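Protein chains: 4
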Amino acid sequence: MKGFAMKKIGSIGWVEKEKPTIGPNDALVRPTALSPCTSDIHTVWAGAIGERTDMILGHEAIGIIEEVGELVKDFKKGDRVITAAITPDWNSVEAQGGFGMHSGGMLSGWKFSNFKDGVFAEYFHVNDADGNLAIIPDEIDDLSAVMACDMMSTGFHGAELADIQYGDNVLVIGVGPVGLMSVAGCALRGAAQIYAVGSRKNCTDLAREYGATEIINYRNGSIEEQVMKLTNNKGVDKVIIAGGDNDTFATAIKVLKAGGIIGNVNYLGEGEFVKIPRAEWGVGMGHKTIAGGLMPGGRRRMERLLDIIKAGRVDPSKMITHKFEGLDKVEEALMLMKDKPADLIKPIVLIKY
Amino acid sequence: MKGFAMKKIGSIGWVEKEKPTIGPNDALVRPTALSPCTSDIHTVWAGAIGERTDMILGHEAIGIIEEVGELVKDFKKGDRVITAAITPDWNSVEAQGGFGMHSGGMLSGWKFSNFKDGVFAEYFHVNDADGNLAIIPDEIDDLSAVMACDMMSTGFHGAELADIQYGDNVLVIGVGPVGLMSVAGCALRGAAQIYAVGSRKNCTDLAREYGATEIINYRNGSIEEQVMKLTNNKGVDKVIIAGGDNDTFATAIKVLKAGGIIGNVNYLGEGEFVKIPRAEWGVGMGHKTIAGGLMPGGRRRMERLLDIIKAGRVDPSKMITHKFEGLDKVEEALMLMKDKPADLIKPIVLIKY
Amino acid sequence: MKGFAMKKIGSIGWVEKEKPTIGPNDALVRPTALSPCTSDIHTVWAGAIGERTDMILGHEAIGIIEEVGELVKDFKKGDRVITAAITPDWNSVEAQGGFGMHSGGMLSGWKFSNFKDGVFAEYFHVNDADGNLAIIPDEIDDLSAVMACDMMSTGFHGAELADIQYGDNVLVIGVGPVGLMSVAGCALRGAAQIYAVGSRKNCTDLAREYGATEIINYRNGSIEEQVMKLTNNKGVDKVIIAGGDNDTFATAIKVLKAGGIIGNVNYLGEGEFVKIPRAEWGVGMGHKTIAGGLMPGGRRRMERLLDIIKAGRVDPSKMITHKFEGLDKVEEALMLMKDKPADLIKPIVLIKY
Amino acid sequence: MKGFAMKKIGSIGWVEKEKPTIGPNDALVRPTALSPCTSDIHTVWAGAIGERTDMILGHEAIGIIEEVGELVKDFKKGDRVITAAITPDWNSVEAQGGFGMHSGGMLSGWKFSNFKDGVFAEYFHVNDADGNLAIIPDEIDDLSAVMACDMMSTGFHGAELADIQYGDNVLVIGVGPVGLMSVAGCALRGAAQIYAVGSRKNCTDLAREYGATEIINYRNGSIEEQVMKLTNNKGVDKVIIAGGDNDTFATAIKVLKAGGIIGNVNYLGEGEFVKIPRAEWGVGMGHKTIAGGLMPGGRRRMERLLDIIKAGRVDPSKMITHKFEGLDKVEEALMLMKDKPADLIKPIVLIKY
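Chains as they are written, first to last, in the working numbering: chain A, 1 to 353; chain B, 1 to 353; chain C, 1 to 353; chain D, 1 to 353.
Simulated from the structure, these hints should not be mistaken for lab results.
Check the hints yourself; a few may be wrong.
Since the list gives no way to pick one copy over another, a pair counts as held whenever it fits inside one copy or between any two copies.
Unchecked claim - With a straight-line Cα cutoff of 16 Å, these simulated EDC-like cross-link-like pairs (lysine to aspartate or glutamate) come out: (1) Lys7 to Glu51; (2) Lys254 to Glu272; (3) Lys323 to Asp142; (4) Lys8 to Glu70; (5) Lys275 to Asp247; (6) Lys275 to Asp245; (7) Lys323 to Asp141; (8) Lys2 to Glu122.
These numbers were taken from a predicted model, which means no experiment stands behind them.
Isolated chain A (complex conformation) (with noise of 0.2 Å):
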């Protein structure tokens, strides 16, 4: 089969390999929409996973499914489902204990296209099927669909981590696609005002859409002092970190009230330290939590995200402002997330068979 491939660092191309063969427990997919993603930038041309030899690359998929292992009881050939970018090993110990995503070892739960083969190709391979696939209701499109793959729980993974609750008021770090999924996923969880850090028109417009309620833009000034103004010196409740850099973390440190969380998406790509001011951070006393992590994957996530979806509660497919056809056209989608022209939020790749 094809797929489109790392063929090292810094190189991508397309390959031909052997259709994957799958266990008792997995199953094979035939993709129907694929989404390119920011972490794959990351992958190629930065390395930030380290060397990978001709590996297919993608992470955000939905599909038809193949084929099934002989023990796979809820799923067969025909069904239209969806995997999440984060596929974990479900009896592991970590799993057991509500961290799939680092199911045998820190973050380990992520395997396409860091493990194994990703979903830019002809055919992927979904390990345990029963707990990683999940049916997509006739009502949602393919576009919603795969948007939920990533970037919504990842998004949304963001106000769990900084634990939104009513009335909080909240800075939403980055606008990218995964930041506008923290706005919508505060304005989820009840939220009062979401201030949200962005430059781009578009994805500013669609934040306030999602649900924020002020834009700070860091041309205007520093962002502390923006939210010092729009909160008369208080301070925020929560802050989630979508985008930015180690650096950002300072910033959110300064503007978050004692007792707030700090909830990290974002993935740190480089430096040796993210640093916390000590005096800021209540010289170690001032509970302002510091949590981040990978988002949650497997059946049961995806199958809430879409029930979120199908009720109308948001809709991601908004973030789709590319849309391709055909399998070879992922390259030159994956082109646009790496070249990010002022237009782009998110392109998607339609396959029809």
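Since chain A is already given, all that's left is putting chains B, C and D on it; use the hints.
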């Protein structure tokens, strides 16, 4: 001063009393908007809290501060304020443990029209003004604000008790004003499907507007059967009880999934026992948790609910179907709550000075 | 192979069956220590789970692995292992949501001597070996280990359900083996006063050793009166129900403070309803939460309980009052649980090869 | 009255002041047992909270009530009482939200020897007596009681911040009095292995007595290496930081499992940043939560800690290595904390009238 009182069980009327005196931590407030509550009806005609003599009724009010005690720091004469129906003693051990509504004993955080005169008067007394008043932002009108005192706080507490999470499918039993606010509270905490049980069209229409995805009319068959059919026999993740009686719990247990929670905010006015069906409760082993509790009160609660209104997340004033002007109209408004005409959801009395 | 079975309701005896066959994820184990449970008695003589024919009994066992399926990664023939009474399907949506004991439906994580043959046999089958077995550290003897399968996991779960916190004053109703482990579990979660209800001296003595500060003998008056007297009429913060019947809940509600929690781990074998007294339950408003659930099972649970034993925090083998040798003694041990002589707490059968 | 004060940064001595006046909610207390704290040393010699002039030192004391304000309900002259080092304004929004220690601003619940005179005097002032005093039961001696004011509350808070659960393997860094109480607090919340880092024999011996299963001496190699060796390279579930400096966090992150929590109760006295190693923190995705906060204060906290002592769960008086008699000995006791002789854990000054 003049107040509208419960003269004794079954009897109401105007009384003339001394203006309340305030201690160093307290405040005196002139009401500008009042709303009678079904609890007032229970208090007078069902004798739900026992006998009372010439006790001024009412616990939902906003107003203008007339006077504050000498130790009050954050409020002053002339401030436009709200006070919750529940006004805890914040330094009690119960409040320190997170249960201010039970400060000094079970339910004892409820003082207005229970242990002291209520708000249907020219002036009312607020204990611990710094802890129990909140400034109403200019952006919020009287109608929305007064709905936060009890309806919104109680309704949202149903969603808190049921610990609504992203993607929960929820049954809300009852779509009176509290149930309507529970529906809104579920939608604002990330629920997916919300099944609301009710029959009156103005209520069910508003339930849909607040986020209900299906209306269940108990006149069309048993609630159990309708819920099980709608959920493909899976049942629901959570149930909020905002209406009905003791027997409603049996219905709730039957349609609740293992691992689910019932959040009750319905005042159970009569009957000796709430009966939990043993087998459907998983012979005590089903992790079907039964929770119920009085709304949280106090300043922080009111500030947060007002922040939610200010951010435009919900408009509770849509529940107001009947508006009156002048304190003397409080009797008429109260009798509406007693008689419950078909077009009533919630009445309000506005008072101008 | 030989197994000791429920032949039908009310009848027990030895049966001869084929050695279980295992799938690719499973294991076959030879038991080295077994313990009968009160549930076995309910199953046979009360018909609590309905009719069963020639079903091998028992769900508390440790042993030596005889064989593992080809996909099992972490265990091999000859390993000394424990398996919990509850063996969830870890990839089910229920387990992914934290309720493995209800995987596939309420209570369906309970498989041994319920949906399949139990452990009172020459061999027993363990589904999902990687998820449901745990290595027993050399430091832990067979006696302590086998107590972790159910007694310790269930007893400790009572303390988890009641969410015991530093300084809680707790009532534990029942000091059979589960209640004793609830007492130990409370002491190990920071409870202050622990009032244990029981009458048999060997049990109440051990309750004191495990951390009970007072023993309440129901023969000396009502539990309510004794608790209220001991607590200066304040009542207790939490109640764990590990004995009694449906009516025990009324007692628990009456002595529980507003804001408290009841954690039930008692299998309620008969009666139509658990009756919650409306007034003492705060007319539904008292924040007296009623929780109850089956013990968590699986590998992580067993590893953690064994770690607690290994660290010397508790010695559950003190509960073993009767030791037998040889599989053929299982009948005698089981009959002890049925007849409950005064000196019995828990019997065990050791098997040497 | 006489008091022992910080005269300015780096200088201490006796001062003569007016006896404090009390408001209607307050109390005046005569100390009967005092204990100096490392924080007092930081305050004076490191200038940790900035300049202060003639401010009476000390925040750990028990005593006899001399006078109460007219609104105080539950306490009277002559009562033997404890007050926590932290005395929140309980009606503040912060306290209503669960963070009384930050009432009025970050760390502002800390008033003694910070915003007002401390307890090293003939009399000291307690704000909100009903909320901040607790009766000491007769069963508890002065030595144990005074250890609850700060050492036990702070040490246990480490275990609370780290959210210790049954079977957690925990690293406690530091075995000064706070670290020792963290060890005890972990053992009392169900931890399995507790690895305690320290080098002084009296402290490490007591750590074992309080529940540590292994002692790690940083003189025998890096903490990381020793922990990883002891845990078979798995690392620990939780870390409590009760000593060290900003760099201690890097150690903690490195040995912490994904999904783990760091609970810091160490006052970080200097340095600009706490540095979190990016890669070992899972590039921001490892669910290694960093929490830190000031101890909870107030009446309920003290009542619960005293209840734990009364129930015999822990004896904090074992930490007292040096006993003095008479207020005039407070200087000597304080200098011990400054000089830290090898045999010191915690000094106490008893005062008889």
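Results for each hint:
1. Lys7 to Glu51: within (9 Å within a copy, 62 Å between copies)
2. Lys254 to Glu272: Between copies, since 13 Å is at most 16 Å while 21 Å is not.
3. Lys323 to Asp142: This pair counts as within: shortest intra-copy Cα distance 11 Å, inter-copy 48 Å.
4. Lys8 to Glu70: neither (35 Å within a copy, 34 Å between copies)
5. Lys275 to Asp247: both (7 Å within a copy, 11 Å between copies)
6. Lys275 to Asp245: both (11 Å within a copy, 14 Å between copies)
7. Lys323 to Asp141: within (14 Å within a copy, 45 Å between copies)
8. Lys2 to Glu122: within (6 Å within a copy, 52 Å between copies)
Of the numbered hints listed earlier, the single one contradicted by the structure is hint 4.
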